[in-house]
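Enquirer: Each chain is listed here by its residues.
2 protein chains.
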Amino acid sequence: MTETEDTFLALDIGGTNVKSGLVTRGGELKKHDSFPTSDGKSPAHLIELIARNLKKLWNESASDGRPKALAIGAPGWIKPKEGIVVMAPNIPGWRDLPITRLMSQALDIPAVLENDANLYALGEWSKGAGQGRDNQITLTLGTGVGGGLILDGKIWNGSFTSAAEVGHIPLVGNPRVCGCGRVGCLETVASALGMASIMKERIAAGHETLHRGDPNKIDSKIMMELAGKKDPLSLRIFREAGEAMGYVLSFVFNLLGLETAVIGGGGAGAFEFMEESMTEILERHVVTAVMSEIAVVRGALGGNAPLIGAAALLNACGH
Amino acid sequence: MTETEDTFLALDIGGTNVKSGLVTRGGELKKHDSFPTSDGKSPAHLIELIARNLKKLWNESASDGRPKALAIGAPGWIKPKEGIVVMAPNIPGWRDLPITRLMSQALDIPAVLENDANLYALGEWSKGAGQGRDNQITLTLGTGVGGGLILDGKIWNGSFTSAAEVGHIPLVGNPRVCGCGRVGCLETVASALGMASIMKERIAAGHETLHRGDPNKIDSKIMMELAGKKDPLSLRIFREAGEAMGYVLSFVFNLLGLETAVIGGGGAGAFEFMEESMTEILERHVVTAVMSEIAVVRGALGGNAPLIGAAALLNACGH
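Top to bottom, those sequences are chains S and E. Mapping the first sequence onto the working numbering, position 97 (from 1) lands on 97, and the numbers just tick up by one. Mapping the second sequence onto the working numbering, position 29 (from 1) lands on 29, and the numbers just tick up by one.
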């Protein structure tokens with residue numbers, strides 16, 4: 001009889017989908033599932049659906065033994081230590097929600113809470129493109145731009161237990177208004193949603209493109225297909241996003257002396273179209289002593305990175 | 001007979017002056033001295049002058065007992081762990097200089113090396129404007145713009161043992177060429193030297209000013225006097241520097257969740273003229289959850305901050 005490795009439950013709650021997983025202590029994702037966040041008809045109903053989904057995963061995996069703990073990745077403004085989602089803009093009604101207590105009661109195992117972008121970063125750090133580098137940042141290009149900062153091999157949360165708010169770093173001279181109400185934020189030009197908005201606006205303004213369908217249906221996936229066919233408009237928008245990320249990453253590298261930046265999230269599918277302009281800006285602005293030591297790489301784990309990061313978080317918490 | 005508190009020697013080597021001090025373990029500066037860096041006619045001669053100056057301070061303070069150790073603050077690119085100044089652009093001939101070994105041999109006490117801006121930050125953190133806040137950044141506005149980052153109450157050096165290179169953070173759209181060869185660095189608009197250069201250029205271009213003497217003699221002290229008399233040109237330049245710092249600090253606060261930024265160095269004398277524009281930018285760009293918690297304050301210790309920071313560094317190193 002071989003000894004069975006400990007397992008953990010993992011949860012990645014997004015505005016579009018709730019993803020769940022069963023992951024080993026070593027970070028191997030044994031099972032995963034997902035359902036649309038909008039299936040939850042109220043905050044309480046969504047909690048109920050999540051608990052039911054996790055129990056199903058657990059029961060299907062009875063042979064792996066009782067999971068030791070649950071790690072919850074949630075978006076928006078959270079308080080990890082208190083286990084509270086203060087506000088999740090994309091999940092209606094989630095305000096001051098004591099999610100770790102609710103899930104821990106429903107499953108009768110310990111639960112911990114972390115920002116979704118931080119879990120993503122822990123995944124790439126422990127098992128993905130950032131392995132072996134203890135000072136790194138992960139940018140996730142999705143509906144917004146998330147950031148997860150790992151310093152000395154640990155998630156950095158600062159004094160206010162918010163994640164690295166890279167998406168709301170201002171770009172001087174960028175006039176675009178962000179969903180957060182501020183002007184010039186990185187995510188207005190580098191998020192998957194921001195890039196699609198720019199594409200639609202420019203098509204309306206008569207810019208040349210190979211796109212022929214309904215501009216309102218454009219998303220980052222369509223843009224990547226177009227860019228693959230050398231569409232000048234989508235290529236240009238990816239190039240501009242790369243430049244913006246280059247400025248932000250120059251700032252981060254110069255400030256913190258990190259080794260690595262990992263670009264993840266759905267928008268990272270366009271990494272090949274953003275890399276050249278990003279590198280140009282980095283070469284121009286990162287201090288000389290550091291430039292030869294750094295790497296900017298595409299994430300290796302895709303959308304499962306937060307579920308894999310859950311194992312690293314629970315290990316670090318002593319579970 | 002009362003017990004005497006341990007003392008340390010402290011050194012702050014700048015491109016203009018070498019400052020030395022005798023400081024207690026608790027951070028009280030008991031004696032200090034300085035001499036022009038240009039008195040050293042060669043790299044070896046400068047080392048000799050520094051050793052002589054420290055011995056003089058030590059001998060004058062014989063009643064305080066033997067200093068336990070020396071902390072050296074040096075500018076430029078240094079390797080703190082190896083005790084080497086790799087390159088100090090403003091000190092001719094200092095390349096790959098094993099300064100801690102040389103000083104330790106000359107004085108027969110242990111010596112440690114740190115970036116001058118980091119020592120400044122440790123001073124303000126331990127005894128100055130940043131007391132009690134364990135997550136903070138200090139900007140020093142001098143010939144350049146230095147940065148010292150304190151995370152969890154410790155100097156953060158990153159993977160490459162360089163200080164927080166805040167001075168070379170790029171500002172999008174800033175066309176000014178920096179002494180480092182790159183374009184758009186913060187220090188081209190916010191260092192004392194950068195602000196004086198802008199003032200001279202604008203006088204040459206016919207901008208209105210109360211200044212009547214030789215424009216080539218303008219320095220930040222003259223600019224502060226003019227600003228005090230409501231000179232429109234110097235006020236505008238300080239305002240622009242405040243805006244640039246506001247962008248960089250918005251970035252830092254959003255990325256790291258710090259509590260405090262301390263503005264030090266000679267240029268901090270103009271804090272009152274920069275504060276309003278800096279705060280406007282911060283209010284526009286710092287994420288809401290954090291804005292009410294942060295403070296940007298003028299340094300409290302002036303030019304002696306690095307000598308006082310030396311005590312904090314030596315305490316942290318176990319001396």
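I should point out that these hints are in silico values taken from the structure, not numbers from a laboratory. Please note that a few of the clues may not be correct.
Same chains, same label: a pair holds when it works inside one copy or across any pair of copies.
Computed cross-link-like contacts, DMTMM-like style, restricted to lysine to aspartate or glutamate with a CA-CA straight-line distance of at most 20 Å [stated by the list, open to error]: (1) K154 - D219; (2) K154 - D134; (3) K30 - E82; (4) K81 - E259; (5) K41 - E283; (6) K31 - E283; (7) K81 - E293.
In this text the structure is predicted, and so the values were computed from the model without any measurement.
Enquirer: All hints, please: hold or fail.
Expert: Here is how each hint holds up against the structure:
Taking the shortest alpha-carbon separations for K154 and D219, neither the intra-copy value of 34 Å nor the inter-copy value of 44 Å comes in at or below 20 Å. For the homomeric pair K154 and D134, the shortest alpha-carbon distances inside one copy (8 Å) and between copies (17 Å) are both at most 20 Å. Taking CA atoms no more than 20 Å apart as the test, K30 paired with E82 passes in neither setting, with 29 Å inside one copy and 46 Å between copies. Proximity of K81 and E259 under a CA criterion of 20 Å is satisfied inter-copy only: 18 Å between copies versus 28 Å inside one chain copy.
Taking the shortest alpha-carbon separations for K41 and E283, neither the intra-copy value of 49 Å nor the inter-copy value of 36 Å comes in at or below 20 Å. When the C-alpha separation of K31 and E283 is checked against a cutoff of 20 Å, the pair qualifies neither within a copy, at 42 Å, nor between copies, at 45 Å. For a Cα distance limit of 20 Å, the shortest separation of K81 from E293 across copies, 18 Å, qualifies, whereas the shortest one inside one copy, 35 Å, does not.
Violation of the numbered hints given earlier is confined to hints 1, 3, 5, 6; the remaining hints are satisfied by the structure.
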